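Asks: Sequence:
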Amino acid sequence: MRIKIEFQPRGKTISVNKGDNLLQSALKNRIAIRNRCRGNGTCTNCKIQIMTLSPFVSMPSSQELRMIGEEEMSEGFRLACQTRVYGPIQVRVPEEAWKNVVKSQIQQQKENEGI
Numbered sequence: 293m294r295i296k297i298e299f300q301p302r303g304k305t306i307s308v309n310k311g312d313n314l315l316q317s318a319l320k321n322r323i324a325i326r327n328r329c330r331g332n333g334t335c336t337n338c339k340i341q342i343m344t345l346s347p348f349v350s351m352p353s354s355q356e357l358r359m360i361g362e363e364e365m366s367e368g369f370r371l372a373c374q375t376r377v378y379g380p381i382q383v384r385v386p387e388e389a390w391k392n393v394v395k396s397q398i399q400q401q402k403e404n405e406g407i
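As numbered in our numbering, residues 293 to 407 make up the sequence shown, in order.
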């Protein structure tokens, strides 16, 4: 069963399988989300906000609760690397995260081109 995830502020929508990992799905579909710890839940770089508070995502892991805290969790913040999707949701990727990923990609390209 395919499930739709809408990413804001870019407005891009992707389809994923029920139970897929949010970070892996985003990266596979070229949606830039920082992830320094490579999905281990230890850095908070992949912190996103689920705009549609619903039962359509996995319960927070104990690691996630430690890293984010209950206050932000109650506002819909999650670690994309620790979140599985079970129904249609809308996700907000903080604008600063988009900018940092783009800067990183530009720097990497410059290094690859020897600039």
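Please keep in mind that the hints were generated in silico from the structure rather than gathered at the bench.
The structure displayed is predicted, hence computed values, not measured ones.
Mixed in with the good hints there might be a few duds.
With a straight-line Cα cutoff of 16 Å, these simulated EDC-like cross-link-like pairs (lysine to aspartate or glutamate) come out [claimed, not checked]:
1. Lys304 <-> Glu387
2. Lys339 <-> Glu363
3. Lys402 <-> Glu387
4. Lys339 <-> Glu362
5. Lys402 <-> Glu362
6. Lys339 <-> Glu387
7. Lys402 <-> Glu367
Asks: Could you run down the list of hints and mark each one as holding or not?
Replies: For each hint, the structure was consulted:
1. Lys304 <-> Glu387: 14 Å, holds
2. Lys339 <-> Glu363: The given pair, whose Cα atoms are some 14 Å apart, holds under the 16 Å limit.
3. Lys402 <-> Glu387: At roughly 23 Å apart (the allowed maximum being 16 Å), Glu387 and Lys402 break the hint.
4. Lys339 <-> Glu362: 14 Å, holds
5. Lys402 <-> Glu362: Roughly 40 Å separates the two Cα atoms, so the pair is violated.
6. Lys339 <-> Glu387: 11 Å, holds
7. Lys402 <-> Glu367: Violated, because 38 Å separates the two Cα atoms, which is more than 16 Å.
The structure shown violates the earlier hints numbered 3, 5, 7.
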